[in-house]
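Residue numbers (my numbering): 176 to 509.
Please keep in mind that the hints were generated in silico from the structure rather than gathered at the bench. Cβ atoms here follow ideal geometry from the backbone N, Cα and C, with glycine treated the same way. Misleading hints may appear alongside valid ones.
What the hints assert, rightly or not - Derived lysine to any residue pairs resembling SDA-like cross-links, with alpha carbons at most 20 Å apart:
no.: 1; residue 1: Lys233; residue 2: Asn244
no.: 2; residue 1: Lys422; residue 2: Ala448
no.: 3; residue 1: Lys245; residue 2: Phe187
no.: 4; residue 1: Lys331; residue 2: Cys317
no.: 5; residue 1: Lys422; residue 2: Glu383
Said to hold, decoys possible - Derived Cβ-Cβ restraints for the label pairs, each shown as a range:
no.: 6; residue 1: Glu332; residue 2: Ile284; range: 56 to 62 Å
no.: 7; residue 1: Lys289; residue 2: Tyr222; range: 36 to 42 Å
no.: 8; residue 1: Ala273; residue 2: Asn484; range: 21 to 27 Å
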Amino acid sequence: MNYDQNHIIFNFNGICFTNPDKVAYHYKLEGYDEEWSPMVTERLAKYTGLPPGDYTFKVVSCNNEMIWNKDPVEFSFVIASPFWQKWWFRTTVIGLFAFIIWYFIYFRIRSIKKKNSLNSKMEQLKLEALRSQMNPHFIFNCMNTIQHYINSNEKKEANMFLSKFAELMRMILDNSQKSLVRLSDDLKALRLYLDLERLRFDNRFKYEINIGDGIDADSQLIPPMIIHPYVENAIIHGLLNKEAEGKVTVNLGLRDNFLICEVEDDGVGRARAEELKKDKHGHKPAGIKLTNERIETLNLLNQSQMHININDLYDENGKGNGTRVEIAIEANLD
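With the hints as extra help, turn the sequences into a complete structure.
Below you can see the structure in the form of structure tokens.
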């Protein structure tokens with residue numbers, strides 16, 4: 176019988192012609208009952224909820240003179256096990272469960288190794304970005320500028336330049352040790368850098384930083400050294416290759432839960448800069464490539480969606496008239 180056919184009633188009748196009302200019975204269900212039942216006169220036995228297994232029902236009777244029959248009447252039957260109690264099903268479930276545990280442990284170890292590898296790569300990229308921002312060429316030129324002010328007896332200008340340079344170096348070193356910094360701190364370092372570059376290059380360009388509505392620069396966090404390389408690239412490759420005075424503009428706004436940072440310059444454009452091959456100041460900023468790698472690594476590490484779009488700008492004659500870089504950073508608006 177199926178596993179759900181486990182409610183059974185046995186009917187039996189002992190034959191005694193002289194006094195049938197005095198017939199009594201003992202019964203037992205082997206495989207379920209441990210002992211014979213007490214002597215009863217009721218002619219049925221009821222079993223409910225029998226578990227799967229092999230059974231044999233036995234019954235004996237006696238007449239009014241208490242003479243019992245020697246051999247019991249027997250009825251054997253089997254209640255089949257459900258499929259989930261079969262050995263093959265249990266083996267399959269145990270094997271599947273063991274495989275799931277193994278896969279979870281394997282995936283977890285692999286995930287930890289991957290995360291550690293990404294963290295190691297991120298630290299290496301941060302170190303390389305720090306080296307890029309504190310490149311010897313920039314530091315050497317700043318020292319030369321300070322020396323020029325001192326030799327020209329321009330103490331005020333020398334003190335101002337030295338103060339800005341020292342503060343910028345301190346902020347770069349401090350920010351490089353953090354995974355996230357306040358937007359206000361990052362912009363402060365950016366302004367210091369722009370001020371130093373303007374002084375170094377005799378105010379050949381001007382700059383503007385605009386913060387849009389809804390942005391709290393003191394609470395908004397961003398990865399450090401993300402904006403700086405694109406501003407540096409705009410100055411070195413775009414504005415300094417231009418004869419007239421140039422301008423770099425940094426606009427910050429919110430769009431679709433992203434902090435959008437636009438770095439726009441009115442320099443010679445990427446095509447013309449490529450033609451020049453090497454900027455005449457002898458400096459080849461490596462920050463752009465490093466920043467792109469950092470953003471890719473951060474996206475993998477934090478499951479984020481930071482991205483960068485670069486567009487060339489042209490005047491009415493179709494001539495290159497600068498570049499616009501759009502950096503999208505996931506905003507913490509809570």
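Tested hints:
no.: 1; hint: Lys233 x Asn244; result: holds (12 Å)
no.: 2; hint: Lys422 x Ala448; result: holds (16 Å)
no.: 3; hint: Lys245 x Phe187; result: holds (16 Å)
no.: 4; hint: Lys331 x Cys317; result: holds (16 Å)
no.: 5; hint: Lys422 x Glu383; result: holds (8 Å)
no.: 6; hint: Glu332 x Ile284: 56 to 62 Å; result: holds (59 Å)
no.: 7; hint: Lys289 x Tyr222: 36 to 42 Å; result: violated (59 Å)
no.: 8; hint: Ala273 x Asn484: 21 to 27 Å; result: violated (49 Å)
Hint check: violations occur at hints 7 and 8; the rest are consistent with the structure.
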